[in-house]
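Trainee: Generate coordinates for the entire structure from the input sequences, incorporating the hints supplied.
One line per chain: the protein sequences are A, B, C, D and E, in this order. Residues in the first sequence are numbered from 1 upward in steps of one, following the working numbering. Residues in the second sequence are numbered from 245 upward in steps of one, following the working numbering. Residues in the third sequence are numbered from 548 upward in steps of one, following the working numbering. Residues in the fourth sequence are numbered from 928 upward in steps of one, following the working numbering. Residues in the fifth sequence are numbered from 1279 upward in steps of one, following the working numbering.
These are calculated hints, taken from the structure and not from any lab test. Keep in mind it's a predicted model, so treat the numbers as computed, not measured. Mixed in with the good hints, there may be bad ones.
For the chain C half of the interface with chain D, some residues (derived, Cβ under 8 Å), not all of them [to be verified]:
hint: 1; residue: E597
hint: 2; residue: Y600
hint: 3; residue: D708
A virtual CB, placed ideally from N, CA and C, is assigned to each residue, including glycine.
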Amino acid sequence: MIVLKDVSKAFGGVQANKKVSLEVEEGKITGLIGPNGSGKTTVFNSIVGYHPIDEGSIQFRGQEISEMPVQSIARLGLLRTFQQTRIYSKMNCVENMLISTDNRNVSLWDMFGSRTSEIQDKAEHLLEFVGLYRKRTLKAGDLSFGQQKLLEFAMALMNDPDILLLDEPTAGINPTLINGLIDRLHRANTEFGITLFVIEHNMRVIMNMADQIYCLSNGQMLASGKPEDIQNDKRVIDAYLGGH
Amino acid sequence: MWQGIEMLFQHPSVNVKYILDGLFFGSIFALAAYGLALVWGVMNLKNLAQGDLVILGGYFTWYFQSALGWNPILTLPIVMFIMFFFGWAMYALVVKWVIDKDLFTSLLATFGLALVIQQFINLVFGPETQTAVSELGKIKFYLFGGRIVVPEIRVVGVLLCAAVAVALIVFMKRSRTGQAIRATAQDARAAKVMGINTDRVYALTFSINSAICGAAGALVAMMFLVQPFYGITYSIRSFVIVTAAGLGNLPGVITAAFGLGVLEGYANNILGASYQQFIVVFALVVVLVWRMIRLRKARMVLE
Amino acid sequence: QETLTLGSAISLTGKYATNGVHAQNGYEIAKDLINKGGGVDIGGTKYMLEIKYYDDESTPARGAQLAERLINQDGVEFMLGPYSSGLTKAIAPVTEKYGVPMIEAEGASRSLFTQGYKYLFAVLSTSEQYLASAIALAAEKAESEGKDPSTLKVALAFENDPFSLDVRAGVIDDAAKYGMQIIIDDKLPRDLSDMSATLTKVEALQPDMLIISGHSKGAATAARQIAELELEIPMVAMTHCEAAKIIGKFGASTNNYFCPTQWAETLTYSDSLFGTAAEFDALFKATFDGYKNVPYQSAQAAAAVMVWADALSRAGSLDQDVVRDAIAATEMETFYGNIKFSEAGNNIAKPMVLRQIQNGEYAVVAPSKWASAEPNLTFK
Amino acid sequence: MSIYKRDLMIYVGISIFSIVLALVFPAYITQIAVMFLMVILAQTWDLQGGQMGYNSLGNIMFFGIGMYVSAIIQIAMLYGWGGVGEYTSASGSIKVEIIKSNYLYGMFIGAFAAGIICVLFAFVFGQIFLLFRGPYFAIGTLGMVLAVAELVSSWEWVGAGGGLSLPVYPAEDPTESGRLYFYCFLAISAICFAFISWVVSTRFGLALNAIRDDEAKAEAMGIRTLRYKVSSWMISAFFLGLAGAIFGNMSNFIEPLEVAFPTITFGVFMVVMALLGGKGTVWGPVVGAVIFHIIKETTWTYMLGYQWVALGLLIIVIVIFFNQGIMGSLAERYPHWFGIKIEEDAEEATS
Amino acid sequence: MATKKEAKSNADKSTRGYHMGSVDTVISVDDVNKQAQAIAQNVTVADLDALVDGDPFLKIDNLIAGYGKMEILHDISLRVGKGQSLCLIGPNGAGKSTILHSIFGFTRIFSGAITTHKDGGNQDITALSSNDKLKNAGIAYILQDKSVFPGMTVEENLWMGGFLMDKPALAKQAAERIFDKYPRLAARRKHLAKVLSGGERRLLEISRALVMDPDVLLVDEPSIGLEPRFIDMVFEILDELQNVDGKTIVMVEQNAKKGLEFADIGYVLVSGELAIAGKGDDLLKNDDVGRLFLGG
Ligand SMILES: Nc1ncnc2c1ncn2[C@@H]1O[C@H](COP(=O)(O)OP(=O)(O)OP(=O)(O)O)[C@@H](O)[C@H]1O
Ligand SMILES: Nc1ncnc2c1ncn2[C@@H]1O[C@H](COP(=O)(O)OP(=O)(O)OP(=O)(O)O)[C@@H](O)[C@H]1O
Ligand SMILES: [Mg+2]
Ligand SMILES: [Mg+2]
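Mentor: Structure follows, in structure tokens:
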């Protein structure tokens, strides 16, 4: 679905990505791991258009997207969440959901469209799905850290994306709540058919979830494969996991 | 318009004049802009009362000369000293309460402050335009057959601007207080954890800014004139310069200030004096658009 | 004993604040003196004068609102003018609409008196006359030196506001009459504090005359920078010299500048209230601190109050239309000059005076009737 | 939707009340008219500053452009397009007889054209200025209005710095024109209120809020942010243009720096009023404008010479102590008035 | 001391990085809160005292604190002995960071007292300003999120750590000592802090807190966002600080297994109240704690 070919990106002197190639398969959950500063977030940013890439190509369903602006890429059905959670803090949860609907076919006129009950139902259904229904009229900024992460996730689902890029969805979340989040991610993948591409440091999460894992190190692709393979890959253990 | 351009070629000394004046006036703008860059960078305060601090400094200078007969150049340190404490008081009374609020709160609060300062000057010193005269000689030199007269006070302005710039750089790099200011600018919360009294740092920063504005004001009184309601032009120029230069860029501030001074001179000549502010602003928009286009290429935004 | 309230919106803050205060002082000194003398006798009743002020912040829109307010809410039936032509332009339609007579002393623009206003009267000479005598004087001088006036080169620097533009229009008309060439014609911005760009042009192009109008700040800026740059211009003329106190500030460097004035303390007018112009001058300086020269803005403001007192007592009634007609019929001499209104409402009995700064003093050089000194002027 | 309707009912009530007030105290009619102008200024500013988080210091530009456009059109309707330059250079000494219907017709055409032209300006300027953010937008728009004011004041054809006298409303009764402008401002403010409260109740309002809270996130979600931002500016520009047109007629004499583009008075007042009332709420700007106007008129009467000090202190006090504004503070205390329901969960309460 | 250290190090071996394990226990946010309240024991001050080794060195009594008008912590008490470590765990938003904030003086304290036991006497530090806390009470704080000065070099960052010392020279000496100890930092002393990798930053933050040679270290989520190897490294450093240098450590950790293994004492905080307190190892074995806070 997403194909990166030899993507490089440097910030000043820092070579964040060096000829990175990877593929995200439709309908699957793909993981991306690697030490701090190995360029994982940079890969995400390159895909969704936060900065231009120095070389290489990024294709989404066969379409070259490496030079498109952020909004257009998002409207192709390619969405991401942020490492530092971003929600609309002064709006309530329902409003957060309502504005997150699909923008692919919004005409000039729809800008002033009122809120239909259909969309409202969908929003409430999704809030229920992530366990936030009872908090729906609360200001999003007043939610706790973990709930904000869940809300951001629900907002992404509201948009009906074809693929969702998640940057450390479980960082700073209580281990038990993490389980709930993984469960929902799985369900989003199977029930809604959303392809997932996930950055994680938490092996418990990624190993239990992913179908395919890529490991970056120093901006270069170190290894890729099934979770079991990665877990036992000597290079990955040396560079990232540490001796067990 | 064509006449103005023609003149530039027929009387080449005019060019020298505009460039020199640009430097002289630019140095005043640079002083006020340093101050703004300082409070903007360290406290994230967009101080709309900047120009009014300048004018206040000018009034002190004028007052010392007209009422007490002191030489305005010699009173410059005294004015800076007084303005330092004035800044401290302003910080404690107003600024302190708005620095951690959002952008507009600080803009508006300092606008309120600007109004109060203007009226304070108006009520205490009266609404008249005032000037201070420094009894210094003049430098003359001859170029292209033309004669160029430079009042010495303008040279003093440039020297002062340079001195303040150097002092500021040294102070920031070397002194402990300067380090504390830099640390606070980079991460206020972390600075607190280091035991830095950020409140004091803010107060000090604002007071230094106020003192620098006072110096600029003294020069304004000696080169141009002061009137209670003239602050806004200096505020706008400071913002234009800092915005154009980008934050934390002292050489940029100086370049932008000189550039603005020269630009104003030429614009006055070619388009006419009534387009002066238009030119200032137009320059700002051009710089912003240009920077934005560059950032757009990098798929980033100006924030 | 009753009180009669005159209303005035005046600039206490904003760009005209300096002159607004000069005008207010003029109103006050006349009002106090009239009241001290027992007030105004209107149809047998003694009325004490009172003036209700609002601050118009030097903005016309505010001035118009305040005029409405004075008339509607405060019930003011007779008005004194604001400072500046722009403000008067904004207020006159309002007073006209309500039929409230207004005697103004600070709005000189010619265009005020082409609108057909019936209730507007001005004690001062209109602005196109401000510098006309300076042009005439220059032409005269040039001829006496055997030069053709049409060879004279003129530089203009005028503020971009209703008053100064009107003065400029007058100057351009007069210059055209003599065929003089205008080589610089700069419009100065509102927040003027630097003219060096204009003066650089002057230095390069060497005009014979530099004419400046920009209220107090224009005069102060020009005087300082001409001195600083040591410009040698045969003739410099500017408005608002007195208001800007340029002699006190810039001393000898201002020698030989020509300054038009509506009034001078050396003129030979007199009246029964203030006495002679010189006596007014002395009284004013004694009453208000900090005046080395009394600005004509104050003198004419005082004169406007005197016209009110005169017209009201002649009308013998408080009916606005009766009073209006009485004002229209005014014919009086004051310390400020003779006052007689044209059909359009401007004063046609008083000429402008041109003074030159000679040895740190203002000396009247034109018209010859009052001239106390020969103009110091040679063209190269 | 219900809140939208309730708000409208309240506003209609206020309008009726103020009509009664104006009839009972005709002397205050101009002041009440200006109060409604203030409401329009605050509301239109809030659509960007409060709802969208774009703190404009230059919205007053549309007010001035509207004023000039309508003035020129009215003059052109009387004297023909060729006559405009002649009229302006003669500073109003050319007169033609006009009758009421003529005047009103000219004023309404002028006002409407002013609105439309302002919308076009907002569209064009928005493509550039709305790409700036934070302080850059604030300073950029401030510069924009100063520059436009200076351009207009150097443009001879519209009277340059000398200003422009407009035809006077031909009425025998001097109070009639006051009533006319009062009804105009009341009507514009009511329409403006209805339109803005409707517009923020739609998806559009949500999008503006989203831009305010986190524009980068909104972009990442695929919202066409620029389109929303420009549209919002166009709405404000339209009403400001109308208001400026009427205010020009009311002032009779217009001039670029102080009347048409009063940046440091009206331009700042609109911000202060919205903040005082509570930005980002429908009622905040209205309440703020009314209270501010009353305070201002009072201090201008009773504190002559100190009124600007009072205003400066007022601004400082507002931003320090009423950071949320009046409506913001009320919303915190009485959330149910504003439709914020905190659902107390029965299950949780019992367990 | 030495024996204890060995025991600790052995215990450390059991958990690496974020550790592995099943992900089958799925409980909603609300349920976690509800069940946590259900299992909450009424923790008394006596219970807390019992966990302390010797005299309490840092004490919080009946603290009620929050931000602005909002009350976040309700009647919290805390005890930790000299050279002991304490770990706070609990769901997101429970108020863990707020406790550390309160100790350092960043919150509004409505009532309660914070005391240290220093040089034989008790010192009430509730109302001290942050810099007095660092200077006089010997408390240093390592924040939850990034707190290096990005535009300063590593060296300058360390000097800033000694900002309160009487002479800049003393701070420089202290910085040298730290460089001697952590060659990894010494190698990058002239580099700007913003180019450091996440782990190095965390190391810099921790060592910077040591410049003032504090008695008490407040550490907020040392392992957040770190790669597995770094997590182990950070805990090794903390371990050394406690057991070799004898520092008292109060820490918050979402990586609760790792945190509880490390700490002598563990507190479970729910909705601003103490739910459970016990020895770290005991809490690890507690099934309820395991289910609710360790992810099963
Ligand atoms: N905008 C930027 N400017 C300069 N350098 C950057 C920028 N963004 C990232 N870098 C650098 O690029 C490298 C890769 O960063 P990236 O954020 O992709 O790492 P990461 O793999 O996501 O790490 P982490 O696990 O800590 O989130 C780092 O060395 C970082 O310092
Ligand atoms: N500066 C603040 N102002 C207002 N409320 C705050 C502030 N900081 C935190 N809170 C609120 O206080 C509560 C406790 O926050 P705290 O940061 O102590 O939680 P925590 O237990 O550390 O959670 P986490 O594991 O997510 O770090 C939360 O509900 C939070 O929303
Ligand atoms: Mg990352
Ligand atoms: Mg925390």
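Trainee: So, for every hint listed, does it hold in this structure?
Mentor: Evaluation of the provided hints:
Nearest Cβ of chain D to the Cβ of E597(C): about 14 Å, over the 8 Å cut. The hint is violated. This hint holds: Y600(C) has a C-beta 7 Å from the nearest C-beta of chain D, less than the 8 Å allowed. For the restraint placing D708(C) at the interface with chain D, the shortest Cβ-Cβ distance is roughly 5 Å, inside the 8 Å limit, so the hint holds.
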